[in-house]
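In case you want the letters, here they are:
There are 2 protein chains.
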Amino acid sequence: MGIIKNFEGLISNGLTDGDKRARAICLNVLKRTLEEINPINMIKSSVKRNGSILNIGSLTLNLDDFKRIYLVGFGKASHLMALAIEQLIGDRISRGFINVLKGVEFKSLTGRVEFIEASHPIPDFSGQRGAEEIMRIVSEASEHDLVICLISGGGSAMTPMPADGISLEEKQQVTQLLLKSGANINEFNAVRKHISAFKGGLLAKYAYPARVLSLIISDVVGDRLDVISSGPTSPDTSTFQDVYHVLIKYNLWGRIPESVRRRIEAGLKGEVEETPKPGDKIFEKVHNFIVGSNRLACKIAVKTANELGLNSAILSSVVEGEARHVGTVYGGILVEEALENNPIDKPATIIAGGETTVTVKGSGIGGRNQELILSASMKIQGLENVAIASIGTDGVDGLTDAAGAIADGKTVQRTIEANLDPKEYLDNNDSYRFFKKLGDLIFTGPTGVNLMDITIMVALK
Amino acid sequence: MGIIKNFEGLISNGLTDGDKRARAICLNVLKRTLEEINPINMIKSSVKRNGSILNIGSLTLNLDDFKRIYLVGFGKASHLMALAIEQLIGDRISRGFINVLKGVEFKSLTGRVEFIEASHPIPDFSGQRGAEEIMRIVSEASEHDLVICLISGGGSAMTPMPADGISLEEKQQVTQLLLKSGANINEFNAVRKHISAFKGGLLAKYAYPARVLSLIISDVVGDRLDVISSGPTSPDTSTFQDVYHVLIKYNLWGRIPESVRRRIEAGLKGEVEETPKPGDKIFEKVHNFIVGSNRLACKIAVKTANELGLNSAILSSVVEGEARHVGTVYGGILVEEALENNPIDKPATIIAGGETTVTVKGSGIGGRNQELILSASMKIQGLENVAIASIGTDGVDGLTDAAGAIADGKTVQRTIEANLDPKEYLDNNDSYRFFKKLGDLIFTGPTGVNLMDITIMVALK
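Quick mapping for you: the protein sequence lines, in order, are chains A and B. Numbered as in the working numbering, the first sequence ends at 461 without a single skipped number. Numbered as in the working numbering, the second sequence ends at 1461 without a single skipped number.
No lab work stands behind these hints: they were computed from the structure. Heads up, none of these hints are tricks.
Dumping the calculated BS3-like pairs for lysine-lysine here, alpha-carbon to alpha-carbon at most 25 Å:
1. A:K361 <-> B:K1423
2. A:K461 <-> B:K1299
3. B:K1031 <-> B:K1303
4. B:K1361 <-> A:K423
5. A:K205 <-> A:K281
6. B:K1249 <-> A:K437
7. B:K1346 <-> A:K346
8. A:K423 <-> B:K1180
9. B:K1423 <-> A:K249
10. B:K1299 <-> B:K1005
11. B:K1461 <-> B:K1303
12. B:K1461 <-> B:K1031
13. B:K1461 <-> A:K299
14. B:K1346 <-> A:K299
15. B:K1067 <-> B:K1205
16. B:K1423 <-> B:K1436
17. B:K1180 <-> A:K361
18. B:K1361 <-> A:K361
19. B:K1048 <-> B:K1299
20. A:K423 <-> B:K1249
21. A:K346 <-> B:K1299
22. A:K180 <-> B:K1361
23. A:K180 <-> B:K1423
24. B:K1361 <-> A:K249
25. A:K361 <-> B:K1249
Whole structure, please, built from the sequences with the hints as guidance.
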C-alpha cells in the first residue's frame, strides 16, 4: 500500500491481466516517486557535507569561513527542510526562524530555530509577524555570516509583509482586485512585489552583505526564481512604471487603496526605492539553488520505470493548458505508443509533468488531474495493456480528497456497463464522481510537498 | 521554393543563425513530406503490379482471375487516384466512373473511365447523379469481377444519395439539425448512414458478389473505416434503434422531415433493411486498404528528418483537442527538448499529427494550425535554436489562404518590437493577422490531398 492508500484496489480494477500489469506499473512508479520527493530527501540529495565543506551542485562553501550561520524559511515544506538542514549542520547554526504552515508540527533539533505558524492561502498577522522576525534576523547578519534561506510553495502567502504605510488588509484588497482583473502572472507579480517589504529580492537586500544560500523547492511551471514565492532572494525586472501601467490597463488605479496609490506615485517620482534589479551588487553574494522541482520528480519517475524494466522517457516537465485538452493529447500519445511503438519502444513508460488548469463550466466536483484522465480515457478507448494515471504531488487534486485518477483502455467500456456517460461527466466538470463510481480515484492524503503534477502513461507489449 | 511558396522568406525571418537553421529544417521536412504524399505516389507505394499479379500490402490478387475490372471513386483526390490506377492497370479496366471535385481536371488515360463533377462541402445533384451511376456500375459486377473503389476525403459530401422516399433537401435538413444539436461524430454518422443509399456498407452490398478492393486515403483521426467517407464499403455497427435514440436525445424527432421519420419508423419495425453489419458475408469479398493517412505523412516526415541528420520521433498521429491547448503542450515538449534533451537527443525533430479544433470566441481570422503555433510561440519564448511549424496537408488552414505558420523562440520578442500582443491575437482568434504581420504564414496553395495536419518541432544543439 504505502503512500497510495488504495493501491491494490486500483490494480484489481483492470479487466485483464495486461491492464492490471499496466496499472500496477503506473502506481508503483507514482508510489516510489512520491516516497522520494519528500523535502528531507530533496535537501539531502542536493546538499552534501564533508567536515566543514558544504557542496551544493557546483557550489562549494566552507562553513569555517563564516562567523555565524542563520537559518530562515517559509512555505509549506519549511518545517521539513529546516529539519534536514539541522540534521546536516545543526552544530553550526547560530539562530533560526521559520514560518511553518498552520497546524504542522515543528520541534527544532538544536533548540536554536524558532518558528511561528502562518496561514495559507489567506495570509494572517501571525505570518506577518514571522516575516518581520525573519527580516530582523537577516538584517543582523554581517559580511562574515551565512544566511540559509529555505523557500517552498506557499511561501508568498505565508510571509505577508506590506511595504511601509500599507496595511495587510489594503495589500489583500489589491490582490483581490488583481485576481479578478484578468492580469497575467507577470503583471500580478510586478504589483505584488512593489507593495511588499519582503518579496522581489528584498530579503536578499536586507541580508546584504551576508552571504545568502537559498534552497528552493519550486512549485511553478518553468522554475523561474523571480516567480517562486515572489522571488525574495532573486532580482526583480519589473518597475514602478510597470506597476502603474498594469493598474491603468485593468482600470484599477482609482479603485486601489489611497495608501497604495501614494506609494506607487512616490515610486514613480523616485522617492521610494525600487526593488533590487539584475546586476545589483547584492546578488553577487546570493546563491539560489533549486533542490526540488517537477523536473526532479519526472526524473525520479523515469529512473523508477527503468528499474522496473521499462523503456521510459520524459515528455515534458513544463506542460500547462486546459486539463481536458492536455488529456486528449496525452491520450493520443498513448494510442500511438500502443499501436505503433512511437515515440519509444514498448514496454514503454512516458512521463509528463507541469500543471494544467480547469475552466469550470459545470457544477460537478473534480480536479485537474482527474479531469485530464477522464478526457484521456475516451481517447484510449479499446486499447489493450495500457494505463494512464495523473496526480498532484501534494496529494490534493482540486477541491477534492483525491490526489488524482487512473484509467486504462477498458475504462470507457466499464462506464458503459455502469451506465455512466464519460462525456456528460466531463462536460459537467464532474470527474471526481465519475472515478469514484469506477473506484479509480487515487488516494494518498496530503503529502506535504508540492512539485505540481505527474502524469504517467504505460503501454506494455 | 517548391511547394512552399515563401520558403526563403520564412527561413530569413529567424533572428540568429541557429533559429534560421531550425526554421530551414522544419520547412524542408514539410516540403518533402508534401511532395511525397500526393495521391499518385500513395497509390503507387501501396499497390505493386507484376504481370497479372497485384500486391497490396499482404494481399495478392491475380488480375487474370477476374473477367471484368470496374473502377469507381469519389472524394477530393479521386481524379489523381484514378489516374494512378489507370497508369498501373489501365489495360485491364473494363469501365469506370468517378465523382471528382467540382473544378478539377480529369481526362481518362484509357478513355474508359467517365466522371462527373460533384460539389463540396455542400452536396449537389450532380454528385447525386454520379453516386447513382457508381451504384449502377457496381451492381453490374458479377462474382467473376473485381470492383476497385477509390475513397478519399470529402467523399461523403460528394456522393449524396438519399434513401428511397427522401429528397436531397430533406437529407440536408437532417444534417443541419444534427450539426447544431451537439451530437457527437458517432451519433451523427449513425443517422447519416440510415438515411443514405450509399454509405454504411451499402456500396459493398450493391457490388456483392463481386470482389471489392477499396483503396482509401484517410482524412479522419484514427483511420476508422466506418467513418472515412461514412464507410461505403465497411460494416456498420449502428442500428435504426440507435438512430431513434439519437433523435430523441437531441429533441429532433419532431423536427426532422416526415419522410425521414417514416423511414426510421419502418426501420424500427424491420420493414426496411438494416445497413450491413460486421460478420455479414458480403464483407468476405471486400478488402479495405488504407493507402494514405496522417500516420504515413508522419512517417515520411520522420524519414526526411533522419536523412537531414536529425534524431527524430513521431509523438503521435492521432492528436485532437482545442488548438491553443495542444499548442501549449507542444510548446512544453519543445521547451523540455531544448533545455533537457528529452524525450530524444538533440539535434531533434519531433513530429505530431492529427487534427485539432478551434472554438471561435473572437472575431479574428485564423486556422487551427496558425492558432496552435501562436499559442506554442508564447510557451517557447526565449529558447534558442528551435522552431515549430504546423500545416494542414491540404494547404488550407481554416478559412484562410495559408497552410499554417511557423515560429521560433524569438517570435514573441519580434512581436513585442512590432507592438503586437500575442495573447490579444490569440484571444481574438486572430492568428492569421498575427503571423501575416510577422511574415510567418506558410503558403502552399491547395495541395489536392488531405491527410490532416502535421506539426514539426525542431531543437538543435
